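Undergrad: Hey, can you work out the whole structure from these sequences and the hints?
Protein chains: 8
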Amino acid sequence: MWGGGMMFNELVLQEEARPLLEEIGVRLQPIYEGYYTADAIETVTTLASQTVKAGATIFNCISAEDVLVRENQVCGLVLSWTAVEIAGLHVDPLTIRAKCVVDATGHDIEVVKVFLRKNQPATLTTPTGGIGGERSMWAEMGERDTVAHTKEIYPGLFVSGMAATATHGAFRMGPIFGGMFLSGKKVAELIHQRLSGEG
Amino acid sequence: MWGGGMMFNELVLQEEARPLLEEIGVRLQPIYEGYYTADAIETVTTLASQTVKAGATIFNCISAEDVLVRENQVCGLVLSWTAVEIAGLHVDPLTIRAKCVVDATGHDIEVVKVFLRKNQPATLTTPTGGIGGERSMWAEMGERDTVAHTKEIYPGLFVSGMAATATHGAFRMGPIFGGMFLSGKKVAELIHQRLSGEG
Amino acid sequence: MWGGGMMFNELVLQEEARPLLEEIGVRLQPIYEGYYTADAIETVTTLASQTVKAGATIFNCISAEDVLVRENQVCGLVLSWTAVEIAGLHVDPLTIRAKCVVDATGHDIEVVKVFLRKNQPATLTTPTGGIGGERSMWAEMGERDTVAHTKEIYPGLFVSGMAATATHGAFRMGPIFGGMFLSGKKVAELIHQRLSGEG
Amino acid sequence: MWGGGMMFNELVLQEEARPLLEEIGVRLQPIYEGYYTADAIETVTTLASQTVKAGATIFNCISAEDVLVRENQVCGLVLSWTAVEIAGLHVDPLTIRAKCVVDATGHDIEVVKVFLRKNQPATLTTPTGGIGGERSMWAEMGERDTVAHTKEIYPGLFVSGMAATATHGAFRMGPIFGGMFLSGKKVAELIHQRLSGEG
Amino acid sequence: MWGGGMMFNELVLQEEARPLLEEIGVRLQPIYEGYYTADAIETVTTLASQTVKAGATIFNCISAEDVLVRENQVCGLVLSWTAVEIAGLHVDPLTIRAKCVVDATGHDIEVVKVFLRKNQPATLTTPTGGIGGERSMWAEMGERDTVAHTKEIYPGLFVSGMAATATHGAFRMGPIFGGMFLSGKKVAELIHQRLSGEG
Amino acid sequence: MWGGGMMFNELVLQEEARPLLEEIGVRLQPIYEGYYTADAIETVTTLASQTVKAGATIFNCISAEDVLVRENQVCGLVLSWTAVEIAGLHVDPLTIRAKCVVDATGHDIEVVKVFLRKNQPATLTTPTGGIGGERSMWAEMGERDTVAHTKEIYPGLFVSGMAATATHGAFRMGPIFGGMFLSGKKVAELIHQRLSGEG
Amino acid sequence: MWGGGMMFNELVLQEEARPLLEEIGVRLQPIYEGYYTADAIETVTTLASQTVKAGATIFNCISAEDVLVRENQVCGLVLSWTAVEIAGLHVDPLTIRAKCVVDATGHDIEVVKVFLRKNQPATLTTPTGGIGGERSMWAEMGERDTVAHTKEIYPGLFVSGMAATATHGAFRMGPIFGGMFLSGKKVAELIHQRLSGEG
Amino acid sequence: MWGGGMMFNELVLQEEARPLLEEIGVRLQPIYEGYYTADAIETVTTLASQTVKAGATIFNCISAEDVLVRENQVCGLVLSWTAVEIAGLHVDPLTIRAKCVVDATGHDIEVVKVFLRKNQPATLTTPTGGIGGERSMWAEMGERDTVAHTKEIYPGLFVSGMAATATHGAFRMGPIFGGMFLSGKKVAELIHQRLSGEG
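Taken in sequence, the protein lines are chains S, W, U, X, E, D, G and B.
Everything in the first sequence is counted per my numbering, starting at -1 for the first residue and increasing by one.
Everything in the second sequence is counted per my numbering, starting at -1 for the first residue and increasing by one.
Everything in the third sequence is counted per my numbering, starting at -1 for the first residue and increasing by one.
Everything in the fourth sequence is counted per my numbering, starting at -1 for the first residue and increasing by one.
Everything in the fifth sequence is counted per my numbering, starting at -1 for the first residue and increasing by one.
Everything in the sixth sequence is counted per my numbering, starting at -1 for the first residue and increasing by one.
Everything in the seventh sequence is counted per my numbering, starting at -1 for the first residue and increasing by one.
Everything in the eighth sequence is counted per my numbering, starting at -1 for the first residue and increasing by one.
Warning: the hint list may mix true and false statements.
Stated by the list, open to error - Straight-line alpha carbon distances no greater than 27 Å define the calculated DSS-like cross-link-like pairs of lysine-lysine that follow:
#1 Lys149(X) - Lys116(U)
#2 Lys149(E) - Lys183(E)
#3 Lys116(G) - Lys149(U)
#4 Lys111(S) - Lys111(W)
#5 Lys51(U) - Lys51(S)
#6 Lys111(G) - Lys51(B)
#7 Lys183(S) - Lys51(U)
#8 Lys51(E) - Lys116(G)
#9 Lys184(W) - Lys111(W)
#10 Lys149(D) - Lys111(E)
#11 Lys116(U) - Lys111(X)
#12 Lys149(G) - Lys116(B)
#13 Lys184(D) - Lys116(W)
#14 Lys116(E) - Lys51(D)
#15 Lys183(X) - Lys149(X)
#16 Lys183(W) - Lys149(W)
As the list claims (entries may be wrong) - Residues of chain G placed beyond 10 Å of chain S at every Cβ, according to the derived structure:
#17 Trp79
#18 Thr80
#19 Ala81
#20 Leu122
#21 Thr124
Stated by the list, open to error - Chain D is faced by these chain X residues, among others (derived, beta-carbon under 10 Å):
#22 Cys59
#23 Ala62
#24 Glu63
#25 Trp79
#26 Thr80
#27 Val82
#28 Ile84
#29 Ala85
#30 Val89
#31 Gly128
#32 Ile174
Don't read these hints as lab results, they were simulated from the structure.
Since the structure is predicted, the reported quantities are computational estimates derived from the model, not experimental observations.
Think of the CB as a built atom: it goes at the ideal place given N, C-alpha and C, for glycine as much as any other residue.
TA: As structure tokens, this is what we get:
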């Protein structure tokens, strides 16, 4: 998102995402009926700034290389320094326990992939039981489906954003960012329900 | 083509391609019965120069990383900067709509491959319904087949040149460039018919 | 700054910088007399978010490779895509005019270096007339000097932060971030005076 | 030039270069008083196409790694395959004799640099007798000076385009391409005079 | 192990491994009921130092690239210089005969993999007859299973440590090192029995 | 072979290869019953020197990237510069016709692999009809089998040396070079018979 | 030292170093009058193991990128993760205070170099006041001089081992390791005197 | 030399070198008055083969990284594995004593450079006392001078071939190989005289 569409520093968003962005203070310029643009830097930094102030902790420089499992339940992540990974060193990881793990790694769906590869014969709540794979771009379908497919796909493991469409086997979203934000909101609500005993 | 055969800056062409090259002003030297050589630089630059003057727009520095689809129809391309790809950065792409998309990426048939990989169970109009794969070199067969297999292989998606033989599963062309030019001419005619409502 | 000190995601700040950070909404935790810590992600994103909202435009994915000059005056920058630079391509740059150019590139003082290398015998307002070079770390001296040496070092060209100490030949700052913020504030005030006709 | 200014596929040219481009058939669109734009691909390919048709031979895939000298005269080039250089192999070069050698390698002035480095104490016809080095960008001065400094700088060795300003120590040209074309025309005329016994 | 958990230079060990480490002289600090920490450097160097003094020969700078086989029996290793491998050179290897070969290469189980890939249809004494693959992390199970699965999996070929769990298809161990040491002790005992005619 | 066993500059050879090496003038030192050592440099250079003098032409700096086929017959090679391949450039290849093509590329069996990958459903004269794959090292078997499996595996395509064992699915040879030389001699005799109408 | 001389896993040591190695338990084999060999792995690991047990703390995975200074005194180090350096990331360092800093980085004398480069016009207690540079190898002289030149070369900054000869401008040591160990012992004694108020 | 001129596998030689090549059995084809061509592979392999048979030992896979000195005399080389150098590992070298060391490393004159850089203020028997540096190509002068400048340039250190012209500051040789062979012969004679007490 940092570069906007093709490095032009602007993001395009649809009407549905307007309330969410206005709530956190990102300024929108209407371009044509139902679409807005926002400054890419303002959007990313304001989102992250408000997220941290709202109570989230973002661990920079750290990557997840595996998940913790226990009795058919994903229950945490195996963490290592990103720099160690880039440098190609072999250093023992540490772990973090988590009631809910969200894969929001986009096209690459890295967490779901490592989970599936290492825990056969686990089955996901997708049409095939495995990873459907992202289809080519059909923006209207993609925007709608990314929210629809945002869900818990294995006990303790959720997907959101492009990782949701790619896991389900749905169409790729276009260069419009609203669906991604709405997917993020939906997964937050699902987790909130779970943690408060409703989901 | 820039380097000619093995960097010797000369291209070999057969009689069939002579009219096409003479029409755009590339000078040919006969070498033996039915074959000509042309300067590699003159051929490439004159072709591109005349193509642009004829009305084509060539977008330099831009790569196609995916296609747009809609109801079993290829209807455009997902574009990004080539430099972004080489640099390994993650920047959001933009898109372009197109009535006809041609894969002329040679051996690699990059557009057809990304389309097939991401849109199973799509079927191409090839013997296997998928990519046949380029066979080893049999120059006479390759020259003939590259024109024969230049066609629309999926609604909205055409192949030409080496991408046509590689998609069909035909023999590789030899170091002679005529078939490739004639394939390019054929795909242009097919698209012209389509856009004018004939094809 | 993203990683905090040694990737621990926390920044240390001194009392002098507290008002500035509180003004833009970064939360501080006192650690001992006169020192505070702040979350690295919250600090960076809140600073950038507020900067953009205050009217600045940040061009992401773009690098400055040279300056514009005119009659012993720096009057703009030569810009290219960062991705082009990383990819090692040769693409013609574009330019932007500016009444004030600030080098805030840290240790590397990239803008001052390219200016000096290409415009001999230009003289800076430093003790040697050239680049003094950053000395080893002496945190107390560095914090104080980075503000003192934040200034216009050639008509139209300012330095701030670590670029200020490195240009002047002063001691390196320690792993405390207050001086850097105060230097940024000072250079903003100097430019404001200049543009409003006072400096 | 292939990418136009910052990969936007368009070149800007001034009035002075219009006759030259119209003569070879490049189409220009006026943008404002005295300035035109041209398609980058059309300009490069038409120039090269017409250059070859006019009798020049362009050796693709070949690099010059040194010059031939004889009694204080540059009299040819030492050639190797570009691919060999990129691959880092050690292969013996071949040579080509030339009455006039032109360094048109731009900022890098590669031919002049290798000549100077290896033939001390040779002296060029520049203000310092050596390489002045390109100064920062001052478009108006650069456009004018690139033509003025296009000349023979050592018996048998000419400079043109950005190599001319960089060798002389003049200001860098802006993102406007006319001066470069006029410099190319001037060096061609100088060599024509020399070969016909006038220069 | 050199870096401890995530480069913090400390290892965590459980009660079961205490006698083994105390026997060779590694100092342990209790942290909480049943767990100890040890200095990473002290642990690695003391282990290696005592191992060599006890009679083992460690060949540094040498890698195994294949195994020797004879009548369904692994009977040695094909060795080459590690530097040759890193440098990508082609140099002929030498060989070493061995009554017992242990794969203790961790996650990568390099020896078992090369053996299986090259000697189909060999069958291992694992549930699937092939490599089960390491599952995600479940520390309690992993610690227990790494000892249980330490054994001879093909005549002449043993596995220990993470290679044992990865070959069997068991859960990954957590950032606790005791199981690994106990697995090493078990494989040593198995080999001792074999060589003394008991196993 | 240049480095001898593990860079020690010595080759080990068995009695069977002695006559062949003595015939071309390589000096052998007996080490123990039935085995000799030879200087690696002397062996390689004398072999190549005598091969060229005997009438062979070795094209240095050239790689084969594909084969020519015609009616179920391999009938030549597609050639390109090795430097072009290393440099990652795209340059059109040239071709060479051949009555017999020998794959002597060792473990990698590059020619057979490219032939099989591109010409399905071609069948080789091996137990599986495809590539068996090199097994682990069993020196005695490998030495014997490399000669036995040296043959024509498809009309026009021969294998020798390690490529013969790897194609057939036989055991890897040990660090002894005699079998390889005898395999080379056998393939030369097979081709000689073929070309003289006997094979 | 890990690889021994040229990867042969053996170290050669002279009589003078015997007591030191025997004291910490490294086994020596006499080879000829006054010289011994030791296993490389045993020597390195036993040295490190005993060093840690004697009270030293070795921080693995951490590099020194600069020194702390204060009034013409080196008083600590600027530290960063080695992985960050290898990965080419920009992360803020932390610092450690030290009464004595020893440069034992061998040929590269990294600490002394960064100190001198950044703190001109500092003067070392060497013949030139700067870095003399290692001379070619003269083993007898090198062994003797490495101990002689082990000393404090600037207040708070010591050199030992090859860094001592390289800083002073002395001859390189041969492939014998005794002088290096004796130099290490000497620098330890110098620091002990300093810390106990004698040096 | 392996690739011949520009990878064409042929070498050009002048009359003066004919006797030397005929003596060792390299076949020459006259091309025009006083010049011959030879097959590149035949020339290199026959030279090396005959050199080894004549008594020389060539150590493959080994590089010289420094020289041994003693009282203003070069008396040997510091050796390491080439693979270790390419792999960037740190492994202790070994040494070899030599009465005469020849730098025949071509343009790079690696041995002379490392000697000069590390042993200031040593003086060579060249016009400047240091390295003159190779001048641009003047084939006639270069062929003649390479033999003239083949000599002992420091006690125990000789130069031959391109290293001789580059050290002296003479013109570069053209793509003709005779001078290089004659230089090699001359340095062999100089060393023979020295070792037999005449030089």
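Undergrad: For each hint, tell me whether it holds in the structure or not.
TA: Hint check:
The straight-line distance between the Cα atoms of Lys149(X) and Lys116(U) is roughly 22 Å, inside the 27 Å bound, and the hint therefore holds. Simply put, Lys149(E) and Lys183(E) have alpha-carbon atoms about 12 Å apart, close enough for the 27 Å limit, and the pair holds. At most 27 Å may separate the alpha-carbon atoms for a hinted pair to count; Lys116(G) and Lys149(U) meet this at roughly 22 Å. Of the supplied pair hints, the one linking Lys111(S) and Lys111(W) holds, its CA atoms being roughly 22 Å apart against a limit of 27 Å.
In summary, the hint linking Lys51(U) to Lys51(S) is supported, as the alpha carbons are separated by about 17 Å, within the 27 Å threshold. Between Lys111(G) and Lys51(B) the CA atoms are separated by roughly 49 Å; this puts the pair beyond 27 Å, and the hint is violated. Taking the CA atoms of Lys183(S) and Lys51(U), the gap is near 24 Å; set against the 27 Å cutoff, the hint holds. A distance of roughly 46 Å separates the Cα atoms of Lys51(E) and Lys116(G); the hinted pair therefore is violated under the 27 Å criterion.
For a cut-off of 27 Å, the pair hint linking Lys184(W) to Lys111(W) stands: about 22 Å separates their Cα positions. The hinted pair formed by Lys149(D) and Lys111(E) fails the criterion: a straight-line CA distance of about 30 Å is larger than 27 Å. The straight-line distance between the Cα atoms of Lys116(U) and Lys111(X) is roughly 17 Å, inside the 27 Å bound, and the hint therefore holds. Distance check on the hinted pair: Lys149(G) and Lys116(B) sit about 22 Å apart at the alpha-carbon level, within 27 Å; holds.
Only pairs whose Cα atoms come within 27 Å are accepted, and Lys184(D) paired with Lys116(W) is rejected, the gap being roughly 50 Å. At roughly 39 Å between alpha-carbon atoms, Lys116(E) and Lys51(D) are farther apart than 27 Å, so this suggested pair is violated. Restraint check: the Cα-Cα separation between Lys183(X) and Lys149(X) comes to about 12 Å, which is no more than 27 Å; the hinted pair holds. Under the criterion of a C-alpha separation no larger than 27 Å, the hint pairing Lys183(W) with Lys149(W) is consistent with the structure, at around 12 Å.
Distance check for Trp79(G) against chain S: the nearest CB is about 6 Å away, which does not clear 10 Å, and the non-interface claim fails. Here Thr80(G) does not stay apart from chain S, with its beta-carbon only about 8 Å from theirs, under the 10 Å limit. At roughly 4 Å, the least C-beta separation between Ala81(G) and chain S is not larger than 10 Å, which violates its mark as non-interface. A cut-off of 10 Å between C-beta atoms confirms that Leu122(G) is not in contact with chain S; the least separation is 33 Å.
Chain S leaves Thr124(G) outside its interface by the beta-carbon criterion, the shortest separation being 35 Å against a cut-off of 10 Å. The interface hint given for Cys59(X) is met, as the beta carbon of that residue sits about 7 Å from the closest beta carbon of chain D, less than 10 Å. The restraint placing Ala62(X) at the interface with chain D is violated, with a minimum CB-CB distance near 17 Å, outside the 10 Å limit. The beta carbon of Glu63(X) is not positioned within 10 Å of any beta carbon in chain D (closest approach about 14 Å), and the interface hint is therefore violated.
Taking 10 Å as the C-beta cut-off, the interface hint given for Trp79(X) holds, the closest approach to chain D being about 6 Å. The interface hint given for Thr80(X) holds, since its Cβ lies 8 Å from the closest Cβ of chain D, which is under the 10 Å cut-off. A hinted interface residue such as Val82(X) counts as satisfied when its beta carbon comes closer than 10 Å to some beta carbon of chain D; here the least separation is about 5 Å, so the hint holds. The interface hint given for Ile84(X) holds, since its Cβ lies 4 Å from the closest Cβ of chain D, which is under the 10 Å cut-off.
Taking 10 Å as the C-beta cut-off, the interface hint given for Ala85(X) holds, the closest approach to chain D being about 4 Å. At about 7 Å, the closest approach between the beta carbon of Val89(X) and any beta carbon in chain D falls short of 10 Å, and the interface hint on this residue holds. The criterion of a C-beta within 10 Å of any C-beta in chain D is not met by Gly128(X), whose closest approach is roughly 33 Å, and the hint is violated. Restraint check, Ile174(X) versus chain D: the minimum CB separation of about 32 Å is more than 10 Å; hint violated.
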